[in-house]
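Protein sequences, first through last, are from chains A and B. Just so we're on the same page, the working numbering is the position in the first sequence counted from 1, plus 5. Just so we're on the same page, the working numbering is the position in the second sequence counted from 1, plus 556.
Take these hints with a grain of salt, some might be off.
As the list claims (entries may be wrong) - Here chain A is said to cover these stretches of chain B; the calculated rule only asks that three of the stretch's residues, wherever they fall, bring their Cβ under 8 Å from a Cβ of chain A:
| # | region |
| --- | --- |
| 1 | 612-625 |
| 2 | 756-770 |
| 3 | 777-787 |
| 4 | 825-839 |
No wet-lab data here; the hints were simulated from the structure. Note that beta-carbon positions come from the ideal geometry of N, C-alpha and C, so glycine has one too.
Okay, here's what each chain looks like letter by letter:
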Amino acid sequence: MGFKDFIFKKSLWLFHFGGASCNNCDIEILDCLTPRYDVERFGMLLVGTIRHADVLLVNGSINQKDKSRLLEIYNQAPKPILVVAIGACGCTGGIFAEGNTFAGPVDKIIPVDAYIPGCPPKPEAILAGIMKLLNK
Amino acid sequence: MFNDIFHFLVFPGLLFVATVGGILAWADRKITAMVQFRKGPPSLQPFYDFLKLLLVKETILPAKGSKITFLMVPVFSLFGATIAGVLILLPSLNIQTGFSGDLIVIFYLLAIPSLAYMVGAMASGNPLASVGASREMKLIMSYELTFFLVLSGIILKADMSIGINDVMHAQSQSGAFIGSLSGVILFLVAIFCLQAKLGLVPFDMAEAETEINHGPFIEYSGSAYALIKLTKYIMLFILPAFIAALFMGGLHWQGIDILWSILKILAVVVLLTLIRNTNPRVKIHQAMRFFFIWMNLFAVIAIILGMFGI
Ligand code: SF4
Chain A
6 MGFKDFIFKK SLWLFHFGGA SCNNCDIEIL DCLTPRYDVE RFGMLLVGTI RHADVLLVNG
66 SINQKDKSRL LEIYNQAPKP ILVVAIGACG CTGGIFAEGN TFAGPVDKII PVDAYIPGCP
126 PKPEAILAGI MKLLNK
Chain B
557 MFNDIFHFLV FPGLLFVATV GGILAWADRK ITAMVQFRKG PPSLQPFYDF LKLLLVKETI
617 LPAKGSKITF LMVPVFSLFG ATIAGVLILL PSLNIQTGFS GDLIVIFYLL AIPSLAYMVG
677 AMASGNPLAS VGASREMKLI MSYELTFFLV LSGIILKADM SIGINDVMHA QSQSGAFIGS
737 LSGVILFLVA IFCLQAKLGL VPFDMAEAET EINHGPFIEY SGSAYALIKL TKYIMLFILP
797 AFIAALFMGG LHWQGIDILW SILKILAVVV LLTLIRNTNP RVKIHQAMRF FFIWMNLFAV
857 IAIILGMFGI
């Protein structure tokens, strides 16, 4: 592991993209920032703009309208950027996979580095996913 | 000549203020975490953040903006903060800066980073950034007058001398300024000015993350943002150092005084962090009223009290 890699993994800043989600996954992501789970221990921060982000968290099903926005956000991101698909919706489509506005799971649109399944995934599962990403 | 370059780049210049500023930025985040019953980031976190932005990330230029201005702004803000830091710290090392009246120069240099952020926001061509810039402008207009009143109070108390050296000398003869009533009032007003200058919570409406997504910095990425981060670290060190030099008997770097100087600066930083963590963000017009009416009033009262020597 080179120096750049080491630095990068020590300071991941998260940007949260919520697709057409049922809002449960968003809440669980916010749970990770609370005193109980506290991802700031690993140097992670939630940032408000994609220009500062190192990790793009995508949750919720991606429908026709979200698709172009997700692509736009991904193209606006400064590289290197990691993409994490959170929840059954993000990974496969989940209960919305049969919907007529559904535009494919996240990895059909942009490359995904980690999947965190669950509906919604527990904060523990999100932390475990993040740790897997760090050790990758 | 060589000495000047050494002073500017290594000690007490760029390298020193940036390192101490990084440590203080960590302290700020750690105290925040402790107030919220969290564990907080590891101790080298600010340096990781800076190096990551500088070395690893790509810098994106705005397509519809003035690219050169956009890129010059972080450099200017870093220069302003560093020179201010050098001028603040040199007198406490017993090195003569060669001119009197450095208090006024420092006042102007400390305004450069905020002005630079504003210009950068305007150059980025982002609507949210211009909202942030306009808020920053209003904030500057409100707190700069107050900050200048505080400085005039200090100048008055130090028998009309306008150099940091003379102010520290006056305090070593007649006791720290914070020991008198007018000194306490001026100190409190100065703390609120610092809060606004640093963009910490009651007055962080310019970069409100939750509503306008970091405002002026929204388009900055990569190494340009790294320099802005570095400026913020430096400001978190030199502003408390400035206040400690003006109010708390000055900074000295010999023997046991080193410990006292560090404790003074730490005390100011802890105070700022606690204010930041226990207050909500106010609206811009509330902030303007707060400074224009209340803080100016208190500063004037303190100056009048100071005239009577209270
Ligand atoms: S995965 Fe489940 S909880 Fe998460 S957004 Fe989809 S339906 Fe909601």
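Going down the list of hints, with the structure as the test:
1. With 5 residues having a beta carbon nearer than 8 Å to a beta carbon of chain A, the region 612-625 of chain B meets the requirement of three or more and the stated coverage holds.
2. Counting residues of the region 756-770 of chain B whose CB lies closer than 8 Å to any CB of chain A gives 4, which reaches the minimum of 3, so the coverage claim holds.
3. With 3 residues bearing a CB less than 8 Å from a CB of chain A, the region 777-787 of chain B meets the requirement of three and the coverage assertion stands.
4. A stretch counts as covered by a chain when three or more of its residues have a beta carbon under 8 Å from one of that chain; for the region 825-839 of chain B and chain A the count is 0, and the coverage is violated.
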